Amino acid sequence: DTGVSQNPRHKITKRGQNVTFRCDPISEHNRLYWYRQTLGQGPEFLTYFQNEAQLEKSRLLSDRFSAERPKGSFSTLEIQRTEQGDSAMYLCASSPSGDEQFFGPGTRLTVL
Amino acid sequence: AQSVTQPDIHITVSEGASLELRCNYSYGATPYLFWYVQSPGQGLQLLLKYFSGDTLVQGIKGFEAEFKRSQSSFNLRKPSVHWSDAAEYFCAVAQSNFGNEKLTFGTGTRLTIIP
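Order-wise, the sequence lines are chains A and W.
With this note's numbering applied, the first sequence closes on residue 116, and no number is skipped along the way.
With this note's numbering applied, the second sequence closes on residue 118, and no number is skipped along the way.
Keep in mind that a hint or two might mislead.
[As the list claims (entries may be wrong)] Going by beta-carbon spacing under 8 Å, a handful of chain A positions derived as facing chain W: (1) F49; (2) E60; (3) F69; (4) F78; (5) E104; (6) G108; (7) G110.
[Claimed, not checked] Chain A is nowhere near these chain W residues, computed Cβ spacing over 10 Å in every case: (8) Q45; (9) Q48; (10) R72; (11) Q74; (12) S76; (13) N78; (14) R80; (15) P82; (16) V84; (17) D88; (18) K105; (19) T107; (20) T110.
[What the hints assert, rightly or not] Across the chosen pairs, the derived CB separations fall in these ranges: (21) W/T8 with A/P100: 24 to 32 Å; (22) W/S55 with A/Q88: 39 to 47 Å; (23) A/S91 with W/I14: 40 to 48 Å; (24) A/D67 with W/Q48: 30 to 38 Å; (25) A/G89 with W/E23: 33 to 41 Å; (26) W/S75 with A/S77: 36 to 44 Å; (27) W/P118 with A/K61: 20 to 28 Å; (28) W/S83 with A/T17: 40 to 48 Å; (29) W/G65 with A/E56: 38 to 46 Å; (30) W/I14 with A/G89: 28 to 36 Å; (31) A/G44 with W/P118: 24 to 32 Å.
Keep in mind that the hints were calculated from the coordinates and are not lab data.
Given the structure is predicted, the values throughout are model-derived calculations rather than measurements.
Using N, Cα and C, we set each Cβ at its ideal position, and we do this for glycine too.
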């Protein structure tokens, strides 16, 4: 069990560019979650996968955001046409059954 | 909609002193409740959770929490803090029906330990 991994750990981009983050969950965890955490706030739910199916999306996930989980393994979160307001820590978590979520270290995004 | 309130933004405690971090939740049914800790540069680590049963829950690192339905509270306690406990603490609630376990977090309490 190597834990949830996220790449990259840090990303600096210019406004208007597209970025993609990757999350590798703990092996055999069928549930995967994305959260966003801004400075001084708790994490906010973005979206949730059970296997490859995206079952819920938050209203925070605008049309510029898209998440995928092909084959029910790793997941990617893409942000198109980034804005300065997208600067945040993006956290991924996985769970075997929904009763406990294991979090990765996060990807810190800075949009200049 | 479910919500969590952590009324203390920042708490400072002397090493060896006792600690209580407050958490109040708003949720119509029986909630699933969690406390997570986040150290700088680290992901969130689960300290303890409450689903049902005994309202006093023991967690890792010597932490415990008590669920009080009448007060809609789930306060975190530790009898004697260590310098390594300095971190950000988050209370969270999830719906108690499978298929929708997204967590709603409070804004967190930053804990500072002084020698």
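For each hint, the structure was consulted:
{"no.": "1", "hint": "F49", "verdict": "holds (4 Å)"}
{"no.": "2", "hint": "E60", "verdict": "holds (7 Å)"}
{"no.": "3", "hint": "F69", "verdict": "violated (16 Å)"}
{"no.": "4", "hint": "F78", "verdict": "violated (17 Å)"}
{"no.": "5", "hint": "E104", "verdict": "holds (6 Å)"}
{"no.": "6", "hint": "G108", "verdict": "holds (5 Å)"}
{"no.": "7", "hint": "G110", "verdict": "holds (6 Å)"}
{"no.": "8", "hint": "Q45", "verdict": "violated (6 Å)"}
{"no.": "9", "hint": "Q48", "verdict": "violated (7 Å)"}
{"no.": "10", "hint": "R72", "verdict": "holds (20 Å)"}
{"no.": "11", "hint": "Q74", "verdict": "holds (21 Å)"}
{"no.": "12", "hint": "S76", "verdict": "holds (17 Å)"}
{"no.": "13", "hint": "N78", "verdict": "holds (17 Å)"}
{"no.": "14", "hint": "R80", "verdict": "holds (20 Å)"}
{"no.": "15", "hint": "P82", "verdict": "holds (25 Å)"}
{"no.": "16", "hint": "V84", "verdict": "holds (21 Å)"}
{"no.": "17", "hint": "D88", "verdict": "holds (19 Å)"}
{"no.": "18", "hint": "K105", "verdict": "violated (4 Å)"}
{"no.": "19", "hint": "T107", "verdict": "violated (7 Å)"}
{"no.": "20", "hint": "T110", "verdict": "violated (5 Å)"}
{"no.": "21", "hint": "W/T8 with A/P100: 24 to 32 Å", "verdict": "holds (30 Å)"}
{"no.": "22", "hint": "W/S55 with A/Q88: 39 to 47 Å", "verdict": "holds (44 Å)"}
{"no.": "23", "hint": "A/S91 with W/I14: 40 to 48 Å", "verdict": "violated (27 Å)"}
{"no.": "24", "hint": "A/D67 with W/Q48: 30 to 38 Å", "verdict": "holds (34 Å)"}
{"no.": "25", "hint": "A/G89 with W/E23: 33 to 41 Å", "verdict": "holds (35 Å)"}
{"no.": "26", "hint": "W/S75 with A/S77: 36 to 44 Å", "verdict": "holds (39 Å)"}
{"no.": "27", "hint": "W/P118 with A/K61: 20 to 28 Å", "verdict": "violated (47 Å)"}
{"no.": "28", "hint": "W/S83 with A/T17: 40 to 48 Å", "verdict": "holds (45 Å)"}
{"no.": "29", "hint": "W/G65 with A/E56: 38 to 46 Å", "verdict": "holds (40 Å)"}
{"no.": "30", "hint": "W/I14 with A/G89: 28 to 36 Å", "verdict": "holds (30 Å)"}
{"no.": "31", "hint": "A/G44 with W/P118: 24 to 32 Å", "verdict": "holds (26 Å)"}
Violation of the numbered hints given earlier is confined to hints 3, 4, 8, 9, 18, 19, 20, 23, 27; the remaining hints are satisfied by the structure.
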